[in-house]
Amino acid sequence: MSTAVRDQSGREQSGPRTGTMAQALNLALRDAMRADKTVHVLGEDVGALGGVFRITDGLTAEFGPDRCLDTPLAEAGILGTAVGMAMYGLRPVVEMQFDAFAYPALEQLFSHVAKMRNRTAGKLPLPITVRIPYGGGIGGVEHHSDASEAYYAHTPGLHVVTPATVADAYGLLRESIASDDPVVFLEPKRLYWGKDGWDPAAGVEPIGKAVLRRPGSSAVLVTYGPSLPVCLEAAEAARAEGWDLAVLDLRTLVPFDEATACEVVRSLGRAVVVHESAGFGGAGAEIAARLTEKCFHHLAAPVLRVTGFDVPYPPPMLEHHHLPGVDRILDAVARLQWEE
Amino acid sequence: MSTAVRDQSGREQSGPRTGTMAQALNLALRDAMRADKTVHVLGEDVGALGGVFRITDGLTAEFGPDRCLDTPLAEAGILGTAVGMAMYGLRPVVEMQFDAFAYPALEQLFSHVAKMRNRTAGKLPLPITVRIPYGGGIGGVEHHSDASEAYYAHTPGLHVVTPATVADAYGLLRESIASDDPVVFLEPKRLYWGKDGWDPAAGVEPIGKAVLRRPGSSAVLVTYGPSLPVCLEAAEAARAEGWDLAVLDLRTLVPFDEATACEVVRSLGRAVVVHESAGFGGAGAEIAARLTEKCFHHLAAPVLRVTGFDVPYPPPMLEHHHLPGVDRILDAVARLQWEE
Amino acid sequence: MTVLDHRNDPVAAVPGWRPGATAPRTDPAPLLPDPEPHRALGTGAADAADPELLRELYRRLVAGRRYNQQATTLTKQGRLAVYPASTGQEACQVAAALALRPQDWLFPSYRDTLAVVARGVDPLQALTLLRGDAHTGYDPRATRTAPLCTPLATQVPHAVGLAHAARLAGDDTVALALLGDGGTSEGDFHEGLNFAAVLHAPVVFLVQNNGYAISVPLTRQSAAPTLAHKAVGYGMPGRLVDGNDALAVHQVLTEAVERARTGGGPTLVEALTYRIEAHTNADDATRYRQAEEVDAWRAHDPVRLLEDALRGRGLLDEQLVADAADQAEQLAARMRAEFHTDPELDPMSLFAHVYAEPTQQLREQAGQLAAELAAEAEVHGR
Amino acid sequence: MTVLDHRNDPVAAVPGWRPGATAPRTDPAPLLPDPEPHRALGTGAADAADPELLRELYRRLVAGRRYNQQATTLTKQGRLAVYPASTGQEACQVAAALALRPQDWLFPSYRDTLAVVARGVDPLQALTLLRGDAHTGYDPRATRTAPLCTPLATQVPHAVGLAHAARLAGDDTVALALLGDGGTSEGDFHEGLNFAAVLHAPVVFLVQNNGYAISVPLTRQSAAPTLAHKAVGYGMPGRLVDGNDALAVHQVLTEAVERARTGGGPTLVEALTYRIEAHTNADDATRYRQAEEVDAWRAHDPVRLLEDALRGRGLLDEQLVADAADQAEQLAARMRAEFHTDPELDPMSLFAHVYAEPTQQLREQAGQLAAELAAEAEVHGR
Ligand SMILES: Cc1ncc(C[n+]2csc(CCOP(=O)(O)OP(=O)(O)O)c2C)c(N)n1
Ligand SMILES: Cc1ncc(C[n+]2csc(CCOP(=O)(O)OP(=O)(O)O)c2C)c(N)n1
Ligand SMILES: [Mg+2]
Ligand SMILES: [Mg+2]
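Protein chains in written order, with the working numbering: chain A, 2 to 341; chain B, 2 to 341; chain C, 82 to 463; chain D, 82 to 463.
Hints are computed from structural coordinates only; laboratory data are not their basis. Be aware that one or more of the hints could be misleading.
Unchecked claim - Derived DSBU-like pairs (lysine-lysine); straight-line CA-CA distance at most 35 Å:
(1) C:LYS157 / A:LYS196
(2) A:LYS295 / B:LYS124
(3) D:LYS157 / B:LYS196
(4) C:LYS157 / B:LYS38
(5) B:LYS196 / A:LYS295
(6) A:LYS210 / B:LYS124
(7) A:LYS210 / A:LYS124
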């Protein structure tokens with residue numbers, strides 16, 4: 002299976018197209034490598050296999066194994082090697098195979114990747130992109146469905162980006178690779194295979210901008226990554242209950258687009274933050290705390306959170322009970338003190 | 002230097018005493034090892050040296066190197082070995098030398114220590130205590146002053162405990178070691194050498210209970226660990242401004258004592274959360290979000306946060322600008338919308 | 082006094098750190114593996130082996146092969162979430178389990194369901210992880226078998242710690258950790274082996290070198306002469322064995338377990354074998370390897386090698402063949418039957434084992450889920 | 082085409098993973114270290130050595146010794162936050178720096194200030210980390226010297242990655258990573274060396290084995306015959322050298338750098354040396370080691386060994402001794418003078434280099450600090 006989008010005669014398509022997020026990410030890597038020969042991809046199984054999710058499919062064939070490198074199985078080694086490569090002027094894009102398998106690399110990430118620019122007073126910026134497929138909902142066995150964006154978002158020096166649409170997957174990944182700062186690029190695994198119409202040439206809002214995916218007049222659902230489609234579905238379902246819900250897609254957790262988020266929260270006065278990782282100390286805590294601090298007197302109700310439970314990720318047959326779904330979101334909306 | 006408290010004739014004192022937090026922690030380890038021979042200490046330099054902070058001073062002498070083990074220099078190896086020891090019925094107490102040097106062990110912590118009970122349906126509980134000296138304010142060079150409690154608090158399956166008084170250091174460590182669940186025990190390094198009068202026999206409130214260290218009628222400072230003394234000082238200074246500030250010491254982040262915290266916040270209507278780790282996605286975000294959610298209609302002002310900046314920990318000569326101090330806390334108190 | 086000063090401990094006898102004391106602290110020669118892997122089947126060793134051991138290996142290999150096939154079929158039917166087959170590696174897995182005594186502990190990886198079953202875990206309970214209903218379906222203490230471990234090489238220090246604790250307790254217990262060739266690249270492998278050697282712990286490490294870590298061939302994983310050569314860097318013996326030769330694996334492991342048991346410290350064993358199937362049912366092995374390579378290994382099949390040896394000894398009688406086939410079919414039939422339907426699961430179990438006592442927050446969340454389930458039931462009940 | 086298929090790459094020539102292809106992929110013999118560490122001073126090699134090299138080593142060793150003393154004094158005066166002295170290890174540090182060419186890169190640990198200075202970094206800029214005013218006071222690119230690295234062994238994969246990138250660029254650049262004996266226990270050491278061997282990267286690893294990791298002696302750190310024996314497990318040569326013999330270290334490293342430069346791949350070098358001082362000024366070494374051990378090593382002093390050799394060659398003339406002492410004193414005087422006062426620091430620098438562009442949140446926080454500073458200044462101004 003090649004992930005390139007081809008027309009009926011097999012030529013690679015340019016311009017507007019319909020495709021999956023996996024294809025958009027693959028194209029972003031390919032286009033970035035074509036545009037800039039300092040861009041190098043490295044990770045486990047990224048070569049002949051094209052990655053377990055096929056995001057790097059065809060890269061070794063086109064650019065050779067020096068540009069798209071199958072590494073030994075050692076995540077700290079991969080990220081540490083990328084640090085050295087970046088110090089020499091390359092722009093490494095690292096693939097971690099699954100979210101929980103990025104944990105062995107956390108020391109390199111926290112103590113070096115996040116800090117190198119700062120500790121050298123700007124002399125050694127590290128333009129590294131760390132791609133991490135994250136989150137659940139794909140029936141994965143334990144250790145294959147973690148959502149650990151909160152660890153990254155709390156670490157100064159990292160950008161934390163997470164696309165939720167096919168177009169964003171392409172645009173945000175291109176921008177992340179082009180960034181002179183390290184970016185943790187979180188790919189919602191369960192959205193990999195969702196198709197959408199999009200145009201690589203059209204461009205998207207930059208990193209650091211939230212986008213209102215759906216306007217609304219009753220309250221806003223603030224979300225990102227894998228939970229965006231769930232929120233859009235919930236907003237649709239909410240019509241029946243008489244609520245007109247807006248949906249804000251944060252797109253990047255760091256930098257956090259306070260201006261846009263505050264504007265919509267102030268105008269509506271009611272907000273629910275939705276994400277699938279554990280709630281306690283999750284990214285939603287920061288979002289809720291910050292929005293409350295900045296919009297307090299505009300709030301008709303406390304900013305509520307709908308998140309995964311504070312439990313280790315469950316086995317696949319139980320995961321639907323854990324993941325925030327439409328009903329749980331609507332329950333929270335119902336608690337937004339409409340009568341008062 | 003021995004950290005045991007001795008009377009003038011050199012005998013170890015029992016009963017009420019004056020001593021440092023370092024001494025209290027040392028005594029807690031000693032008493033735990035005396036009381037239960039399944040308690041084993043392991044870590045880097047914990048033997049002859051007694052640990053770089055001397056918390057394990059004398060343990061090898063009293064209990065032998067099999068009970069207090071100098072390990073090779075490998076944090077994942079240490080914690081992983083502790084997992085195996087715990088599976089065999091021991092109660093390992095692991096010392097990480099400094100906060101940032103616990104990062105290499107994060108995969109073992111997140112993927113095994115936190116999850117083992119859950120993934121074996123209760124069959125393999127892991128009674129492991131991971132002691133981590135954390136936070137700044139001791140003039141340490143880079144990587145020696147991190148405060149990463151937010152990573153731990155966000156990870157389901159871990160208890161996160163952090164004493165701020167000499168008596169709590171003893172009591173909470175004893176309870177942590179006795180706990181059948183893994184505890185990340187965060188020791189505020191800069192409080193190690195603070196002296197106080199206390200009595201090991203007196204007991205303290207259990208894990209999971211917050212304690213009001215100072216009553217007050219204007220607003221409450223909600224804090225923990227290294228920031229407690231700063232908050233008490235701020236509360237004292239606030240008198241001059243006409244504010245009577247309460248100070249709540251959380252003592253444990255997980256489980257979080259919502260009942261006590263909500264009670265005081267509801268009664269006063271104004272709260273400031275104070276900690277020294279980076280604010281974005283820090284523990285304070287959870288505390289502020291949760292208190293707001295539960296106490297919304299009792300709040301006269303948003304719950305504010307005073308935290309370290311969102312920057313890598315600065316070099317020692319600049320750390321005082323980074324750490325929340327009395328003035329910064331009072332500035333926040335002043336912003337609690339007193340006029341309205 | 083410390084177990085570290087045990088007289089068999091090679092590090093204990095060393096004096097202070099002196100300019101003179103710079104020559105090797107232990108003789109490296111006995112730690113180095115033989116250049117050729119140990120083989121037993123087809124050699125005199127097979128003739129000398131206990132017939133009942135050979136028969137037992139055979140029955141279990143045949144059952145193991147069938148188990149692998151049946152589990153793979155169940156993935157195609159959607160009854161298992163995923164299955165990493167050990168087809169071609171049955172000799173390693175079965176011999177590993179049989180080399181252990183009841184009081185020993187096994188630390189398996191995700192690919193080692195077969196070893197877990199051979200160890201005595203119920204064949205269906207061993208599969209709950211891969212079926213998707215429970216992370217670990219068996220009680221690890223009951224059979225002294227740790228949970229199947231997915232994060233690579235993280236089980237290695239666990240085995241070391243358990244072995245160390247057993248030694249401290251004076252117990253006659255050895256731990257055996259299983260991992261793959263790719264797993265040797267992880268830091269935890271290194272840290273674990275180093276701890277084992279320094280602690281002189283009664284633990285054995287079996288690397289099933291099947292030539293690939295998913296798609297990455299051994300030559301891109303390591304440049305070492307053999308993976309067994311890593312042992313000398315830790316100060317333990319390294320052994321190389323033909324991993325498709327069940328008797329050879331059994332012999333090398335039995336010897337290593339015995340050395341560990343008698344205070345001889347840890348051993349690293351590399352078994353040369355091959356993963357006949359793709360990495361898991363979700364993998365496409367044609368992307369990264371040639372059919373002729375697979376064929377070459379099919380010709381070196383562990384079941385066939387054992388059959389030949391049994392035949393050579395006149396042990397492969399009709400009875401044995403029929404019994405083995407029968408047991409295998411019964412196992413497969415049981416798997417089909419029990420996996421025919423989805424298990425009944427209690428959603429509230431999400432909260433049951435996070436802590437010994439659920440926190441107030443978890444109780445609240447459990448209440449929320451219970452209310453949701455009740456509401457759902459009401460809707461469906463109407 | 083890939084650099085991995087370079088014809089000097091031992092892993093490239095290997096055929097598919099075959100039952101037959103099981104013998105060692107490379108010959109382990111040349112990878113194993115000699116049992117006795119390489120020595121040059123006091124041997125014929127010293128007689129053959131370039132006199133100017135010996136003089137240069139001497140001048141730098143003397144200056145290095147003085148630098149260590151002065152820095153330690155500065156800690157006592159509170160002018161440095163902490164100092165991990167390399168007294169006794171000067172030969173390793175100086176020889177390491179001199180074995181590199183300008184285009185090479187050095188990856189030092191926290192104990193390697195001396196190597197950093199010998200590499201050409203300003204002696205005072207090299208100390209900002211330990212003074213406490215800036216994490217890294219020098220521009221790493223200017224002298225191709227990475228920041229002093231505190232998290233143990235984490236610099237190892239950095240060196241590998243840089244060397245690999247240089248090789249990909251076709252540049253004539255070698256990376257040298259320094260670490261201690263304790264650092265070899267960390268997973269990052271293992272992962273880094275394995276990457277180096279698999280990538281066949283032009284990188285050299287120098288382990289300064291000074292017998293201790295803070296208080297933990299080598300025998301509790303590793304049970305390996307020598308640390309150099311770890312090399313064979315990665316498939317690279319391991320070399321053992323007397324770390325107090327500046328010429329020997331220079332020779333072994335020069336050879337390893339040359340091998341790396343010419344496509345021969347990485348080398349692991351273990352230098353046997355001793356930390357004469359405590360771990361840092363904050364440490365109390367009497368808790369864990371005997372004075373007689375220290376004395377034994379004082380008798381094997383790197384400066385003295387070099388002096389003796391120079392004297393033997395008739396090179397230790399008054400001029401050289403005076404010049405060396407003079408340079409050392411000038412350096413010490415400069416350190417005293419410049420560290421006499423605290424540096425002027427800009428608190429706003431906290432926010433300057435977190436990202437290329439500060440986030441809105443950081444701008445807000447910078448504003449808060451600026452306001453605080455202004456208010457403070459006003460109070461003090463009044
Ligand atoms: C820390 C970690 N990184 C990545 C993975 C994903 N992964 C699962 S199996 C595998 C290959 C392992 O190869 P090997 O150790 O040779 O064992 P085999 O599958 O061949 O039995 C990988 C990369 C993982 N499970 N854990
Ligand atoms: C990951 C990590 N763990 C712990 C430490 C604390 N620490 C600093 S130096 C040191 C000892 C290192 O010993 P060795 O590698 O032999 O180097 P030496 O100090 O002897 O030069 C330790 C444990 C650290 N810096 N990094
Ligand atoms: Mg394999
Ligand atoms: Mg050392």
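Structure-based check of all given hints:
The suggested pairing of LYS157 (chain C) with LYS196 (chain A) holds, with an alpha-carbon distance near 25 Å, which does not exceed 35 Å. Of the pairs offered as hints, the one joining LYS295 (chain A) and LYS124 (chain B) is violated, with about 46 Å between alpha carbons and a cut-off of 35 Å exceeded. This hinted pair checks out: LYS157 (chain D) and LYS196 (chain B) have alpha carbons roughly 25 Å apart, not beyond 35 Å. Taking the CA atoms of LYS157 (chain C) and LYS38 (chain B), the gap is near 51 Å; set against the 35 Å cutoff, the hint is violated.
A threshold of 35 Å between alpha carbons decides the hint, and for LYS196 (chain B) with LYS295 (chain A) the separation of about 40 Å lies outside it, so the pair is violated. Taken as a hint, the LYS210 (chain A) and LYS124 (chain B) pair is broken in the structure, with Cα atoms around 47 Å apart against an allowance of 35 Å. Proximity of LYS210 (chain A) to LYS124 (chain A) is assessed by CA-CA distance (about 28 Å); at most 35 Å being required, the pair is judged to hold.
Checked against the numbered hints above, the structure breaks hints 2, 4, 5 and 6 and satisfies the rest.
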